[in-house]
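As you go down the protein sequences, you meet chains A and B in turn.
Per our numbering, the first sequence starts with residue 1, numbered consecutively.
Per our numbering, the second sequence starts with residue 1, numbered consecutively.
Hints were generated in silico from the structure; no laboratory data involved.
Ideal Cβ positions, reconstructed from N, Cα and C, are used throughout, including at glycine.
Every clue listed holds true.
Derived pair list, reagent style DSBU-like, types lysine-lysine, alpha-carbon separation capped at 35 Å: (1) B:Lys596 - A:Lys677; (2) A:Lys392 - B:Lys69; (3) B:Lys392 - A:Lys69; (4) B:Lys504 - B:Lys543; (5) A:Lys260 - A:Lys34; (6) A:Lys76 - B:Lys392; (7) B:Lys728 - B:Lys260; (8) A:Lys181 - B:Lys392; (9) A:Lys282 - B:Lys392; (10) A:Lys677 - B:Lys642; (11) A:Lys667 - A:Lys642; (12) A:Lys392 - B:Lys106; (13) B:Lys677 - A:Lys667; (14) B:Lys455 - A:Lys181; (15) B:Lys642 - B:Lys534; (16) A:Lys642 - B:Lys282; (17) A:Lys504 - A:Lys582; (18) B:Lys642 - A:Lys667; (19) A:Lys596 - B:Lys667; (20) B:Lys328 - A:Lys282; (21) A:Lys169 - B:Lys455; (22) B:Lys282 - A:Lys455; (23) B:Lys181 - A:Lys455; (24) A:Lys455 - B:Lys169; (25) B:Lys667 - A:Lys642; (26) A:Lys582 - B:Lys550; (27) A:Lys667 - B:Lys596; (28) B:Lys76 - A:Lys392; (29) B:Lys677 - B:Lys550; (30) B:Lys455 - A:Lys282; (31) B:Lys282 - A:Lys667; (32) B:Lys642 - A:Lys282; (33) B:Lys282 - A:Lys392; (34) A:Lys106 - B:Lys392; (35) A:Lys455 - B:Lys455.
Rough simulated footprint, nothing fancy, chain A against chain B, three-plus residues with beta-carbon under 8 Å: (36) 190–200; (37) 274–283; (38) 339–346; (39) 464–470; (40) 661–668.
Protein chains: 2
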Amino acid sequence: MSSNLTCRDRVQVMSASIAGVARSSAASRLDLTKLFAPRAIAVVGATDAANAIGGMPMRYLTEFGYAGKVYPVNPKRETLMGLTCYASLLDVPAGVDVVLVAVAAKFVPDIIRQCSAKNIPFAVVLSAGFHEAGPEGQLLEEDLLRALKGSGVRMVGPNCLGLLNVSEKVHNGFGAGLAEKNYHQGPVAMVTQSGGYGFTLIKNAHRAGAGFQYVASIGNSLDLNVLDFIEYFLESPDIKVVSAFVEGVDDGRRLVELGKRALEVGKPILIWKAGKTAAGQKAAASHTASLAASYALYQAAFREGGYVEVDDFEDFVDISRAFLASGKLPEGKRVGIVTGSGGAGVVASDRCEEAGLELPPLSQTSVYQLEGVLPEFAAIGNPVDISGQRTKDGSSVSNRAAEIVIADPGMDMLIVRSRQTTSSPAHAEAMADIRDKGGKPVFVAMGADEDYDSKAALDRRGVSWHLTVGRAAVAAAALADFAEKRRKHLDAKDPVRRGFEPGKVELPLGAGFMSEWDSRKVLDAYGIASSGTKHLSRAEVAKLAALDLKFPVAVKANSVNIPHKSEAGAIRLDVADIAAVKMAAADVIASARHYKPAAEIDGVIVQEMASGLEVIVGAVNDACFGPVVLFGLGGVFAEVMKDVTYRFAPIDKATARSMIEEIRGAKLLSGYRGQAKADLDALADIVSRLSWLVADQAERIDSIDINPIFVNGSRLSVADALVVLRDKSDGQA
Amino acid sequence: MSSNLTCRDRVQVMSASIAGVARSSAASRLDLTKLFAPRAIAVVGATDAANAIGGMPMRYLTEFGYAGKVYPVNPKRETLMGLTCYASLLDVPAGVDVVLVAVAAKFVPDIIRQCSAKNIPFAVVLSAGFHEAGPEGQLLEEDLLRALKGSGVRMVGPNCLGLLNVSEKVHNGFGAGLAEKNYHQGPVAMVTQSGGYGFTLIKNAHRAGAGFQYVASIGNSLDLNVLDFIEYFLESPDIKVVSAFVEGVDDGRRLVELGKRALEVGKPILIWKAGKTAAGQKAAASHTASLAASYALYQAAFREGGYVEVDDFEDFVDISRAFLASGKLPEGKRVGIVTGSGGAGVVASDRCEEAGLELPPLSQTSVYQLEGVLPEFAAIGNPVDISGQRTKDGSSVSNRAAEIVIADPGMDMLIVRSRQTTSSPAHAEAMADIRDKGGKPVFVAMGADEDYDSKAALDRRGVSWHLTVGRAAVAAAALADFAEKRRKHLDAKDPVRRGFEPGKVELPLGAGFMSEWDSRKVLDAYGIASSGTKHLSRAEVAKLAALDLKFPVAVKANSVNIPHKSEAGAIRLDVADIAAVKMAAADVIASARHYKPAAEIDGVIVQEMASGLEVIVGAVNDACFGPVVLFGLGGVFAEVMKDVTYRFAPIDKATARSMIEEIRGAKLLSGYRGQAKADLDALADIVSRLSWLVADQAERIDSIDINPIFVNGSRLSVADALVVLRDKSDGQA
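The whole structure should be built from the sequences, with the hints applied where relevant.
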């Protein structure tokens, strides 16, 4: 699926994007227009055998209405399906934009060289038998890479199912997905790392009424990868919704940047990340070489950018329909609900709350107006339950209620579920006028899967309709989340500001742990102070007479070889005075020696005892996502409750603050149970500074743990620190 | 929807079921056979106006194929739709089993009296205008209740949509749900508290291929309620799957008992509990009088019994199909997966893990056998990815792989998703043979929503098929959960054993708090000891010279009027010696007086200081679910993380132990981070004893809090205790 290259070598590339520089300018942007809409396609390995890989696309391209030219290539035939057949790709006429390759793997590198010779810009390689086929295939894959290098040819695949352009009838590949002749057309594009599952998704979505414009199955993505397609789709004027089925990406940082771009251009990326669970990651690893970065980091990327996570075809259908509907994005998360059944109102309320939406009460004006429209004993609240009440003149009570609720200044969106709206096309159409007048998104839930004329009317007018209220709520939440992220992103467009001047960081050569004291010096250079902490050499301990610290103190052996001091017995707590410090120092050094006789011990660290709530601030230079900073509650909360959150470094203090505020246990930091309110500003400052440290030193730093920091009101005590280095060469796989 | 009665008066009834006595014998069991399959139906308020409430059922009953007799009742007509029309219900011939009532609310009580006069056993009242219609309707409802009392008539409704019997074409009600003529038939029954939403559900499920036998919309359920129908369906031989759309029940304990009965008879109850969230509960309260017991207690009832929680129609469709499939329930949660696409394997793995299923590795034998069947570079693991490899002889590789995997002794179930199984009816049918030979449940996921002939073949042979692998996993998990609960229930069929002899409990008259010391005496009678704790009167404090406790101690004012001592300043911690105890006692009494001048203060409690992990053990006598015991982590874990679990009292020690082990933070109790392992047996003993206390004293106890208990290895210290009493008369609403 993806190449075997790790992506540490992208760390340098990231540095540019980190600084806030746009990744690609319009000039250098990858243009896949001819790949999706070729003037002519040459099919290498063409045949008229109906079930052969080279036979299926021949049939689709000649029978479904593709208007371009098709040149079959097969040395054994002179004509094929009434077309002139060419002995070699070198013989086909000029003007070919895409070569579809359906020959045995061993011939593929040569075909690429022929594409290059003929200046053909794109090859789509269906052939399997590369790295997925063991050592021999691996060699072939290397040969293919050599053929590609400098060829000027961009390749999709190998081992893919091909590409689809619905409106131009380019069914350029094989399999049940491309055999479907009449897909609904819509301004939606999908790229899928799994051809088989991706087209299952497309077909199910199609049957539920969703339309597509482009679909790309990318197979091993030896050249063009999932992010290339996402980027192209984001920049394509004919695409409004981008979607992707993804098991893993090589370049997490580019995923983050594309998420930002999605917010800028206002197009959502509907993404299904498969391989979320341990079992799913294991399954993915067994059949692809995708890097299994932690799902938590993918989630962080999705949350920051214009991604909408989905995990079945219904989500695709409902969320894409909502984004394609006419009108503006919602200005907030407040939903008004109008329903014709009490039960539906309860379900709608459940689903809205589960999806993170708000159901504020109606304004007094709205209540007053509704009282004029509804029967005496209808339930006037949010939801408004019109109680199935019918009017004598045949007008729709639900539409009249909807008109009032959408005008309520306390509502950002409207969900309507009433057969008085959906069982009549005229009333359904009137709902579009109500939406237009109200200027807010409207989601219409059907009473049941029927009322085809009303659905058609809603489609015609670009009103988002949904099979159930649950799905309407999911769609509304997706729109509101995207809109909120977009507003935030557009407001905070500037590059992240540093806001402080770091000192010089000295890092030893080579990979491995740094001692606690050296780790603290690194932190200190970035303004993360180790107050109440001193380093003493053995000589200094010997002649110790006074100590400028508040007793009791902790005494720890300081060694580059003993990163986990507790398990080595290399730490003493609650040491009461100078004499005890001397004894404790001797003890911890002896324990460390006993634990690891060859350990290099650089004196001891003496530190004032601290208490309070434990928090963790950490940084990891992830192989896929680059420098990442994490914040979480420490101790049992981290390990049992996994209450941590991530951001891509560097971040400013405001973002660090939002990390602190979003963990589940956040209220423990805000003066819970009479404890002092933590100095969240100072804590955010540490998180932001650490994020700059790992970003600036990404070439050398593997990870940093500040675990724990004791938080006691305004007093923050760094109780331990550990920097882990990598060799500079580790970055080059 | 439900009556306005609270259900505290059911506490006594519960006591019987608590003791393990079966609630109802076969003799007293409610028989609704004639309600669903009447020989004759009288329609009171019959008309031929097509859209009138009394007109719709006339059409359905005369046009859809109902074989019984229909007697329209309408004084203004002599014939109706070619049938003799009667002026009064009193005039209709004998043999009527059900009267369908579609007249104005004010006439309904009289109709019930007429039913009684004619010995008609059932009335289905469609008419609205009762308690949902304000004070006047409330009076009418009371009138209706009086008419019912002693009438011998059982009533469905009022304010319901009616009943459906699919095979006998009894469409006995009105609305779009009953207007559908040709529902698929299947041994599934549903009762719904929301007619509108319930029939939406039915119609969506029908369109997805699900069949039903009975549907009951129960409206206000003034007489027959949701639990009556569940009970009837459980005992009906023609029903294999029971389902319910429920907003709330009056008698939570009966819900629990029906869950046990479901396990005994081996029929699942698929239940959609609407009103789970705060917003949903609020919406439910606005349109019904359902008691809003905490969703957590419903979940506890569902978890203990044969319930399967669902929350959209797709769940109904997939889970009912799985239960209706031929073959045995699974013996465990271990799933083998065979797939034709790597991506589908990843998705299937994610979904299985999310659903709580296990994907163990294949046995060596299975791997060896698969190597003989699959191409060299197929991924042989779990999932098995057959890589789309086709055989030359047209046989199905996925079926051959399935045969091997189902025989693996490490697997309890099989999920297959491959078009080599589903695109050919013959291969689909062969899968049934594989299932039969393997003797384990098989779930077939479709490649896409097509292959109609294969679906028909699978249906014919009773193999569970699903639109996506995700849904197959949900269905497999539902089956495995039900099977596990069933095994456990059948193994532990005996009544709960007490295992100890309680002492005498003295409770003062009247409702309200008990003082901490009196609360501790109540606990002590049930063997929950207050070690290291003493009560001292003010006189005893004055002459205190020695104290048989380990210092330091805590000193607290003991008062029936000050249940929350901290906020009253009525507690001093870390008191070091006798002199300090005397001072502290004076302090806390003064603080208590200052806080509440009229407080009755009964000396002080002196208690050894304790530390350790805080846990909460509590009991509540819930208005709907009766006596309930809870266990959870205390302090911040309870309040911030809401890490608590519930059971219905009484429970034995083994069940209490399973509560302790199922909370998220359970590992904090098992020697986490070098702390002493908690004495879980002793803790479980406390939980079980408290459950007996609240069950035995259900008439008087409103709630008990033991919060916190400090757990420090084998030392358990009850740090505070609070019993809250109710008046005996509180039990009678």
